[in-house]
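*Asks:* Residues per chain are reported as follows:
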Amino acid sequence: MSQALIQTGTRLLNALGKHSDLIMQVYINGTVDEQKHSPKVLEQLVQLGVLWRPESQSELRLKSAVRTLLEGSLQDERNRTINANIGASLASLKTLAEHYKEALHYNKYNESAAHMSDLTEHVYQLSESLSNSVRVLFGRITNEFGYVSSVDAKIRENELAQGQVTDLLSQLECFRFDELSEIAGSNRELRHLLVVSLQQRFSKAAQELSVVQARLIDLLGRFREFQGRTRLLKGYLLHMEQHPDFAPGNYTNLTQVPVLFNQSNSVISAAAPDVNNVEHENDYQEIVSSLTHIHQRATKQDDAEAQQDIDVTAQSTVSLEKDELQLAIEDFFCEVIDSGQPKTALTYYEEKALGFDQEVWMYQVIGGYQALADQEKQFFALDPHGENDKTFTGNFYINDITLGLR
Amino acid sequence: MMTEQGRVLSALLQGTFICQVTDEEAWRFLKNREKAQQLEPHLAMLNRTLSSTAEGDVFFASYLTIGETERKMLTQQFQDTASNLVPLVEWLLLVQQANESDMPVTMGNAIRLNELQTTIEDTPAYAEQLEKISRYRMFGSTSVNLDGQLKQVFKRLTEMGYLTRPNPEKQIYLATGKVEHLYEMLRFIDETEALSLSEQADAAITQGSLL
Numbered sequence: 001m002s003q004a005l006i007q008t009g010t011r012l013l014n015a016l017g018k019h020s021d022l023i024m025q026v027y028i029n030g031t032v033d034e035q036k037h038s039p040k041v042l043e044q045l046v047q048l049g050v051l052w053r054p055e056s057q058s059e060l061r062l063k064s065a066v067r068t069l070l071e072g073s074l075q076d077e078r079n080r081t082i083n084a085n086i087g088a089s090l091a092s093l094k095t096l097a098e099h100y101k102e103a104l105h106y107n108k109y110n111e112s113a114a115h116m117s118d119l120t121e122h123v124y125q126l127s128e129s130l131s132n133s134v135r136v137l138f139g140r141i142t143n144e145f146g147y148v149s150s151v152d153a154k155i156r157e158n159e160l161a162q163g164q165v166t167d168l169l170s171q172l173e174c175f176r177f178d179e180l181s182e183i184a185g186s187n188r189e190l191r192h193l194l195v196v197s198l199q200q201r202f203s204k205a206a207q208e209l210s211v212v213q214a215r216l217i218d219l220l221g222r223f224r225e226f227q228g229r230t231r232l233l234k235g236y237l238l239h240m241e242q243h244p245d246f247a248p249g250n251y252t253n254l255t256q257v258p259v260l261f262n263q264s265n266s267v268i269s270a271a272a273p274d275v276n277n278v279e280h281e282n283d284y285q286e287i288v289s290s291l292t293h294i295h296q297r298a299t300k301q302d303d304a305e306a307q308q309d310i311d312v313t314a315q316s317t318v319s320l321e322k323d324e325l326q327l328a329i330e331d332f333f334c335e336v337i338d339s340g341q342p343k344t345a346l347t348y349y350e351e352k353a354l355g356f357d358q359e360v361w362m363y364q365v366i367g368g369y370q371a372l373a374d375q376e377k378q379f380f381a382l383d384p385h386g387e388n389d390k391t392f393t394g395n396f397y398i399n400d401i402t403l404g405l406r
Numbered sequence: 001m002m003t004e005q006g007r008v009l010s011a012l013l014q015g016t017f018i019c020q021v022t023d024e025e026a027w028r029f030l031k032n033r034e035k036a037q038q039l040e041p042h043l044a045m046l047n048r049t050l051s052s053t054a055e056g057d058v059f060f061a062s063y064l065t066i067g068e069t070e071r072k073m074l075t076q077q078f079q080d081t082a083s084n085l086v087p088l089v090e091w092l093l094l095v096q097q098a099n100e101s102d103m104p105v106t107m108g109n110a111i112r113l114n115e116l117q118t119t120i121e122d123t124p125a126y127a128e129q130l131e132k133i134s135r136y137r138m139f140g141s142t143s144v145n146l147d148g149q150l151k152q153v154f155k156r157l158t159e160m161g162y163l164t165r166p167n168p169e170k171q172i173y174l175a176t177g178k179v180e181h182l183y184e185m186l187r188f189i190d191e192t193e194a195l196s197l198s199e200q201a202d203a204a205i206t207q208g209s210l211l
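Chains as they are written, first to last, in this note's numbering: chain F, 1 to 406; chain X, 1 to 211.
The following block holds chain F by itself, in its conformation from the complex (with noise of 0.2 Å):
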């Protein structure tokens, strides 16, 4: 019989751990989708009792043994169900402890034997689903229901979680531990169970209960706080909207004026250094000294931009305005292309009656020549008239310039 057990929880296990890429799958889905697995595993999987098919048209589903399962395991904070169903547990411990006696009674050891061991079994079940409700309880009051996002969610869960408390601590009230300490009577074992080990799990599970039950109507109170303040912030945004002229009215004008509104001003300001303090040269001077540093950096800084500033407008004068000069000779040099006759530098220089100074003028034509482009350079001659040195060699003294077309 028992190997025959065996090897049926062996073969379901092996199972849950074969398949456990599409328990996890259900267990987060909800269902299965059964086109991606093959047929025969989710067969498999059914007769293991793993999935169930709640009615024929809908989908597979995990069975809720496996989901409590892994809900306790992976301590999932979507877990909501609570087993606050104690009495039945107790009565069950009261029967068992009724066979137990009996089978000492009638000296059948062995019966009372097993019988002892469903007896721990049902009590360390009964403590463990105790605290396991507790801590399911904390664990959505310490993020605060963090899974839920609308602070309206938040507060039905709470008064879900509310409820689940007085529940469980109605459920509480079922231990009676006279009938209990009646049932055990002097056998220590029994009454190691059923007394010692019960009472100490129960008064802890009240005490704990009643640290939720705090928190939770602390916390039920912070989000009525946050529904009120967000209520407060829609409904001025609302009353703007409707009144956009509306004005609270000036309450700083009444005799007492508000708490809220009476904030005064700043009145302190850096204090003046006092130079006579001897105790504080060392600082002045090295505040000083950093201060001069700065002041000579900055200086240099703006001579540097000063200067180009100049530069750039002397820049755009030299290309805009052109010198007086310099026009001249381009009108002498734009004659000489119209009359396409040669013509010296002086007699243009005597027709128009220019102000220049002479040698200036002649400097100038040759320079202005000389600053034409190559290719331009071209169309003109540049004939100087003149004698050389009667003493030096090598200097030529120019007296006239003839400019023509070539």
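Just so you know, not all the hints are guaranteed correct.
Not everything, but these chain F residues come out facing chain X in the computed CB check (under 7 Å) [said to hold, decoys possible]:
id : residue
1  : T230
2  : R231
3  : L232
4  : L233
5  : G235
6  : Y236
7  : L237
8  : L238
9  : M240
10 : T252
11 : N262
12 : Q263
13 : S264
It should be emphasised that the hints constitute simulated quantities derived from the structure, not laboratory data.
Heads up, the beta-carbon is just placed ideally off N, CA and C, and yes, glycines get one too.
We have chain F; now place chain X onto it with these hints.
*Replies:* Chain X alone, transformed into the frame defined by chain F:
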């Protein structure tokens, strides 16, 4: 060296709001009734007294007696506050809605600028709302892109003391006690002017009006 008392005193005289978020040490100092009492004579000398709002969690200095100059000062201050109410309320609601948790901004709340920016960028309605908020005179943003608008709004709010940035290298802002003060002021206006704002909001929600 300044004593703790002197430091707290000068902070108060600078007109700052002291709460657990902005200056925990000073806040603890003021929470101690005896130590706070020691400050009173110094404040009284300058016609000031220690006041608190938000159920005693935020401290600031207020005038002891109100004469002509003080009244003028307060009127000026009140007018600023009154004109800033709408932009601030709109901003608070925007942050609350863009925050997934739907929690109103309260003292100590962390606002992660990057997360907020992502949500606002993904939702055109929020982006429009932000643009509207940033154009108010109190924020005075002229930026055309969302990033600049958001940064300007947060910069101004930090300057005005509604937010604090504990780590200058991170874009995480904490709401300060001044936000609580803002709620208190709204509540006061609501009660004094008998606006019944909550009822208005409730009625609008039940009527299905979209806010």
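*Asks:* Does each hint fit the structure? Answer for all of them.
*Replies:* Outcome of the hint check:
{"no.": "1", "hint": "T230", "result": "5 Å, holds"}
{"no.": "2", "hint": "R231", "result": "4 Å, holds"}
{"no.": "3", "hint": "L232", "result": "5 Å, holds"}
{"no.": "4", "hint": "L233", "result": "5 Å, holds"}
{"no.": "5", "hint": "G235", "result": "3 Å, holds"}
{"no.": "6", "hint": "Y236", "result": "5 Å, holds"}
{"no.": "7", "hint": "L237", "result": "6 Å, holds"}
{"no.": "8", "hint": "L238", "result": "5 Å, holds"}
{"no.": "9", "hint": "M240", "result": "6 Å, holds"}
{"no.": "10", "hint": "T252", "result": "4 Å, holds"}
{"no.": "11", "hint": "N262", "result": "4 Å, holds"}
{"no.": "12", "hint": "Q263", "result": "6 Å, holds"}
{"no.": "13", "hint": "S264", "result": "5 Å, holds"}
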